[in-house]
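A.B. asks: Given chain F, put chain H in place with the hints provided.
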Amino acid sequence: MRHILSVLMENESGALARLVGLFAQRGYNIDSLNVAPTDDVTLSRLTLVTRGDDQIIEQITKQLNKLVEVVKVVDLTEGTHVERGLMMVKVRAAGAQREEVKRTSDIFRAQIIDVTPTTYTIMVTGDEEKLAAFLESLSGTTIMEVARTGVSGVARGEKVLSL
Amino acid sequence: MLSGGEMLCRALHDEGVEYIYGYPGGSVLHIYDALHQQTKIKHILVRHEQAATHMADAYARASGKAGVVLVTSGPGATNAITGIATAYMDSIPMVVITGQVMSHLIGGDAFQETDMVGISRPVVKHNMIVRDPKDIPGIIKKAFYIAESGRPGPVVVDIPKDMTMPNVKFPYEYPERVKMRSYNPVKKGHSGQIRKAVNMLMQARKPVIYTGGGVILGRASKELTKLAKTLNFPVTNTLMGLGGFPGTDEQFLGMLGMHGSYEANMAMHNCDVILAIGARLDDRVTNNTAKFCPDAKLIHIDIDPASISKNIQADLPIVGPVKAVLTEMLEQIDNSSLHVDDAALDRWWSQIAEWRTRHGGRYRTDDSKLMKPQFVIETLSKVTQGNAYVCSDVGQHQMFAAQYYKFNKPNRWINSGGLGTMGFGLPAAMGVQLNYPDADVVCVTGEGSIQMNIQELSTCRQYGLPVKILCLNNGYLGMVRQWQDMNYESRYSHSYMDSLPDFAKLAEAYGHVGIVVDRAEDLESKLKEALAIRDKAVFIDVRIDPEEHVYPMQVPNGAMCDMFLSKTERT
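Top line first, the protein sequences correspond to chains F and H. Every letter in the first sequence is one number past the one before it in numbering that gives the first Met the number 0, and letter 156, counting from 1, is 155. Every letter in the second sequence is one number past the one before it in numbering that gives the first Met the number 0, and letter 335, counting from 1, is 334.
Isolated chain F, as found in the complex (with noise of 0.2 Å):
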């Protein structure tokens, strides 16, 4: 099962460090991980895409929360939430492409923001799902790089993660 954990941790170095050894050292998997601090720059709030089974999830929370200088460890999977990833997608423009990449970019509501006579680069924003989905239809185009921030989230109406 994937579970995406939204941690909140001090903002201090070797924190960022510390929980990503705790992934290493047990064998644990991540998918994707961000991280940047919040409107309180004491703390960075860190989102975490993993999988396991209910078991693991539960270790995983456990461990996270041993670790001293995280303050609170949530499960968004466990209820409604919203996510999001950016991803930036270089392809290569140039001839009958131009137009067809164009109209692509458009149905996913992703934005073109560099263009040269035989590149752009697509901007999108989504879900995994939705970024997959796109990267699929420009199956017929030559990708050049893809640079993705991996998923931030936070659950929907009045439940927050904070102090």
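Careful, some of the hints might be misleading.
Ranges between beta-carbon positions, derived for each pair [as the list claims (entries may be wrong)]:
#1 K178(H) <-> L85(F): 53 to 59 Å
#2 R1(F) <-> G557(H): 35 to 41 Å
#3 E135(F) <-> H103(H): 49 to 55 Å
#4 Q36(H) <-> A16(F): 34 to 40 Å
These are calculated hints, taken from the structure and not from any lab test. Every residue gets a Cβ at the ideal spot worked out from N, C-alpha and C, and that includes glycine.
C.D. replies: Just chain H, lined up with the frame of chain F:
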């Protein structure tokens, strides 16, 4: 106004530290100079940094307070790693101060630089690097608080050399308390969960109380004993939990697990309710988890939620310090209208009595020209009346000591249970003896383990520590040999050690007393003679039967009740 080095010494004193264990080197010279100019903190100079960590660790195991280590950067720090990992695996509070190269040199592969924060990360409860000398008192306070609270563990504080410059001074103030928004160990258990547990215990017909190191660390042996007496339930201890319940008590089943007693493992397998207290159901206890105690409901009390349902799913988890939880449990039992099922318990005790008669801690004495290691430990237990501090190394002798020494008090059995660190015993015994000068402190070891830190005989001499080294000498790495007998058709690949020194003479060369015992009838008098020596260490080299195996031994991948009982019998 104090320098960083002076602040460190002052902070340690304000924390109540008497001894620190260490070894000087380039990055900690400012600290050593500050140490030299004060008298409150006494420093013990070891011969290898690993020994410093084991000394501090053993002090913590005996006293419950964090031990303190001071080593230099690079090799000093890496030599300490084994001892840090040893403490980590057994949840022992320790504060390890490591020197680091000057801040501006960090990351540049400077002389004696290692990334100690990085290297130690997987084997510490927490670690910190000092980036401003003004932070030293606060960081030391935090280090002790983290090391000693919650589930204890080692904390490393890495101090770059420029943080302790003697000529740069700061106002000193030691904080009274620490407050951290991200670290708040639980103080008590959930009353509702405790109530449910009491109900389950009252309905139990074949219960077992299974306790571990958490009872020792949590200073809850009094509460445990009271609970067991109130309920009239049998008690078994893990390797780490020995002494948590009196070893000579009728209700004590002995140790459980891989080398647990027949009755403890049988009782576990056949029980209907397990009350696990401060124990983590690790692989040396459970054997094959799929076959673990098929009829049992598990109540699991632990201060660390991550220990609960990690290996075996708990039916009733209780997170909290064992002392507080047991105290509340006893109160609830007192006020409860429920009673234990005496008739069912009587039947359960008769069943246990039957197991005891079938195989109750016996060993083979038939061809007894050669001394049996079990007999050596039994004799030690007898002459010290179960009151000695027994600091063990790792191997067969450790298991024999765990099985045959009757620990009546907590904090007396000091061994590396989780990591299984050979070389632990001697420095551990020294750490205990230093802090308890009048106590009988015995290092139970083998000729393999003792040689992993034998250089400490020198430290032992320097500080006049009269430890007794009881070496079960069989000329083999006994536990390795046992596995080779059982699993590799007795192909003794590198488990025989040739060219052993004459240990008695070696001890004498270091200024100690050496005794050789090769006849069983001499053992008791020689042990008494050794224990009577109060001003020197004594090395007692006991020649034992090299063929002996540790039994019972659980059958690999079996249930708890699947055991080899001797070379020819199995359950």
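A.B. asks: Each hint needs a verdict: does it hold in this structure or not?
C.D. replies: Status of each hint after checking the structure:
1. K178(H) <-> L85(F): 53 to 59 Å: At 38 Å between Cβs, range violated.
2. R1(F) <-> G557(H): 35 to 41 Å: This hint holds: roughly 36 Å between Cβ atoms.
3. E135(F) <-> H103(H): 49 to 55 Å: Taking Cβ atoms as reference, E135(F) and H103(H) lie about 51 Å apart, which means the hint holds.
4. Q36(H) <-> A16(F): 34 to 40 Å: holds (37 Å)
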